[in-house]
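Got two chains here, separate frames each, mind docking them using the hints?
Here the protein sequences line up with chains L and A, keeping their order. In case it helps, our numbering puts the first sequence at residues -1 to 290. In case it helps, our numbering puts the second sequence at residues 24 to 402.
Don't read these hints as lab results, they were simulated from the structure. These figures come from a predicted structure and were not determined experimentally. Hints are not guaranteed to be accurate.
[As the list claims (entries may be wrong)] Counterexamples of contact, computed for chain A against chain L with all Cβ distances above 10 Å:
id, residue
1, Ser57
2, Gly82
3, Gly83
4, Asp178
5, Glu179
6, Asn191
7, Arg209
8, Asp225
9, Lys234
10, Gly261
11, Leu280
12, Tyr330
13, Gly373
14, Lys390
[What the hints assert, rightly or not] Partial selection, computed: residues in chain L whose CB lies under 8 Å from chain A:
id, residue
15, Asp1
16, Ala8
17, Arg110
18, Glu111
19, Ala117
20, Pro119
21, Val131
22, Gln172
23, Asn173
24, Thr175
25, Asn251
26, Ser259
Quick reminder that beta carbons are idealized off the backbone N, C-alpha and C, glycines included.
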Amino acid sequence: MADILQLLVAGLATGAIYALVAIGFTLLWQTSQTINFAQGEFVMLPAFFVLIAMGYFGLSFWPAVALGGVVSVVVLGLLFKKLMVDPMMRHGVLPLVIATIGLAILMKEAVREFWGADAWPFPALGATTDITVFGAVFALQSLVILAICVAVVVALQLFLGGTLTGRCMQATAQNPTVARLLGIRVERMILYTFLINGALVTVASILITPIYLAKFTNGEWLGLYAFIAAIIGGFNQVRGAIAGGLLLGVVDNFAAVYLSSQYRMAIPLLILIVVVLFRPQGLLGRIEERTV
Amino acid sequence: MRRLKLAVVLSAFALLSGAAGAADVKFAYVGEISGSIAVSGGNFRDGIVLAVEEINAKGGILKDKIALTLYDTQTNPGVARSQMQKAIDGGPYVVLGPIFSGNVKVTLQMVQQAEIPQFTGGEAAELTTLGSPYLFRTSFGQQIGMPKIANYIRDELKAKSIALIWVNNDFGKGGRDKLLKELAARNIKLVADVSTESGQVDFAADVVKLKAANADAVFVYSNEEECARIMREARKQGLKGPFVGDTTLLSQKTIELAADAANGVVGHVGLTADAPIPAVTEFAARFQKRFNYKPDHNGIKGYTAVYAVKYVTEKKLGKFDRKAFAKTMHGLTITPKDEPGILMETTWDGVGEIDRISFLAEVVNGKQRISKVLPKLGN
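So here's chain A without its partners, still in its complex pose (with noise of 0.2 Å):
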């Protein structure tokens, strides 16, 4: 009777192991979920989110679920490298994130020698140049949206001049030596060029040196809450504007942040929930039935990201192979009709760089307003 028992027991027990260990894919989402840019590390996580849902509600990837595992980076290079080897640890097919372009800098290494795919949401210029042939972006690289926000200023907003603010990190930096190269080749003259620190709270002093430089536009290039303070902080000062930026100074939550002063802001947008397309308006009704806000354009990167994965996995490679992937998806494009979770049709370079339509856009009473529809620079 006692062997009987313990051979039931030894029966159920190989039965829900060998069951746990067949039905599950690992995800593991590295990114910051709190820290100064955790509003974008959230809607990066919450797209991830909706995106796994919705998979495993139809079945999951090869009929395998995804079991997605959260690490938080905190917004902290130092932890993003403990918790990228925590996730490594794990076995994941694919890391996602993170967003801060120095903790994607940090962590870069790691992936690569795990040989883990990796889909990043950092927009620092120099990530694509470090040689990782696994790194793959969800948005574009500074390279490619400085151009054509430069193109914006010299042609829509006809500015001689420009006061520049931004964040002096790895994202602001790139962003700004990017600019500057673009503005200088376009003969638009820097006036001022004013360093703030990730997390600033208090920008009086900075708008005060921009106030003083006259300048034709404000070009504002910061993480979400820092560009909703530093809105906030130039509309009490009476700065006038125009204030231009690229796609975090239109966001979804600097918008939410900075209320009316976001108000008459323009610029380039890669990825937008306000985008005329049917499926990326569908996008944002659902996120927004999930999770009880409206995403932004981190939550669409996440949301991407997970539905090219299935795409590549199932349509293209039919078997889970870390490295088969890396390769199959340098040059690969994914349209809305192959896949249609991936919302607009995507194209991935040589080195992981991304290629899709992009936005001019204005914020008209608390709401962003699409101008213009950039095509593909592929097209």
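Just chain L, with the same shape it has in the complex (with noise of 0.2 Å):
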């Protein structure tokens, strides 16, 4: 029983990460239609803004992050924006994927040219310290994991549904046409989205790299696990996705000890297979009609 406990949490605060990077994709679709495939790149990204403000500015760890968060906010989000789904979005969808997968080949390409193809340290945020609740041992830094990201999904619930630019940007997602009609900035909505797909993937990136280290092939499963979290879960809804993050990290860890370790990364694959057959718009989706 401890052992499913201690799995139970470990694989909630992985599946809370992955979530982040899941929801990000989800209301990039919603508000723009916009598939990023480069997502894992964007997680793998501002660790190494935070190394280079450390390592070339002389910052202690928390202004690092503050400043990494800065610019990976003005970089994944405004400047993804305005320098690539902006121009590319007129071509359709189809063209924006490749450049977004063109994408995350530069990204990785660049951060290995520039920082080297080795795996650096990362500061954690929790002491590596465990609590022993009912016999089970959890370590502190899941639990730091999995309340930091509890946290930021629950302000992301409150911003979109609480306050007026929330529901404006709620408005853009279910229909950009009558939310123009209304006298709703459409455009500066989706930018907010951007920004805020930005900031998520800047936390994402600074949970999980003091466990992966930093590297520049990081991105790689975490984009794809946060896409299938993301289909599994409900491309065009919030909750789909973090049900989704959370389901798939969970599912993982059980897999790894009850099943076969060697087949883990079969798993999610098996279950998107699944869902894809019988449920397509995802566990909590709507189904949406193509329009004519």
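In structure tokens form, the structure reads like this:
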């Protein structure tokens, strides 16, 4: 029982990070029909911004995180939208998808060229101590990760549902034409979504990199897992992305222990196939009619 | 006048091309500059570069400067084959690398057929059993390292049971098989056998398995980055250890990446920049000055391989002859007195296996501390 609880918490902690990245996928899709296949690399990059701030500017960890966060939001939110999405969007979804795949390769290789192919240590947010509850030993770091992810998701939901800007963003996501008729500045709402995505991947990066270590290849699996999580949960629902991420993290950990660690990578793909076959809109997604 | 100009141009061209041809002896490094074990390949490469720069600064080998070309296998066997073919087509005097045992295996025959001496950083036990007379190790094969570590587990740690976590590639599987054989011979029970993937980043589930095994000691056998991630996860989950391993678990890069999580790790190291040997200490200082980081065992492997080539070519052959080179290497011992760049007395046997002293070590306060020097097996 203790093992199961430990696995559950560890899985939820990893899954919560997948969920943050997956939420970014769904937000961009809902507001701007953007599928960003560089999302994994978006998580890889902020950690390097923090390391640059620490190594080149001599900042301590938290100021470096603040600076890295601002740079990430500007580069991965504002510049991504202005320099890639806006010019490509008029050509349709597919060219943009291909462009983001190219961007992923560019980001990965650029980091390798600039920072090298080695992995680099990254400071952890919590001490490496553990807490014993009912005989189960939980890593403090996992609990910290989980708590931060929950706080970020709750804050995002409050923002989307409880503020005028958030509701305007939702209106933009549901029907941009009507939103525009109602006087909502749709372009600005879409830009906010990109900035929020920039912030989400920054948080995910700060949380995951102490475990993964900072390396140019980090985005490969993260991007894939988050994409799968978003599809499993429902690509057009934020709550679907959360559910998909958590489910994937937990299933991955349990599969590694109780099924096979060699085939653990196959389990998420199997779940994806089953969901696509029997519930293509995702576990919590809604069916969208094709516009003709 | 035009004829004169043409003659001058042709003479200059002939002089330049002649000079370039006579001045260089080609070395090829085919190694893991990127990919999952770039840490090891990078260290090996920099060791080579340092040795080449030193040798060239002193006039080269037999007065020929070394022209080093680097080929990146990307830690990918498919790429390794094409890169090795490119290297062979360039006609090198020796091939240095690869480090990744899987890459050594898939390219070994190509180098053998080209009859080019090859110094590999691979440690998988089977490499020297594949019958290439041109293959030479730069560090211990697992069949030499594992008996030493099994003795350590029995005699020093007094462990009766072991939980093993290993990387499922040629290096990891070879080490696992050798270790299990040695543990069985010493009546040490294996209570967990956790296989992981090369390049794996999340070890939470694997560490839960190790914890559940409740073993007397945990043996970690993987590449440097994965060792560091395992140690970080193990400390995060409160797994107490003791943690024991072979060279990679105690390497400089693992310690740097794992930070505090590496403290307390014990084991056997074939080569280390912290060896209590003045020549090694001086090498480490030169390496640090040149590349701005501390070398691990792979840096020493690359460095000493180049000096072995220099010694054999200059002192034993007096000419560049690949076949004669390979023959001479078998059964050869090079001492630091013969060639200071070899750093430690080193012997290669009839199949290219290496023998030299090795060390038992512990990580204390983020530094490797040598606790015991183990003699050469041939002594």
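Q.
Check the structure against each numbered hint from earlier and tell me which ones fail, lowest number first.
A. Hints 1, 6, 8, 9, 10, 11, 18, 21, 22, 23, 24 are the ones this structure does not satisfy, whereas the remaining hints hold.
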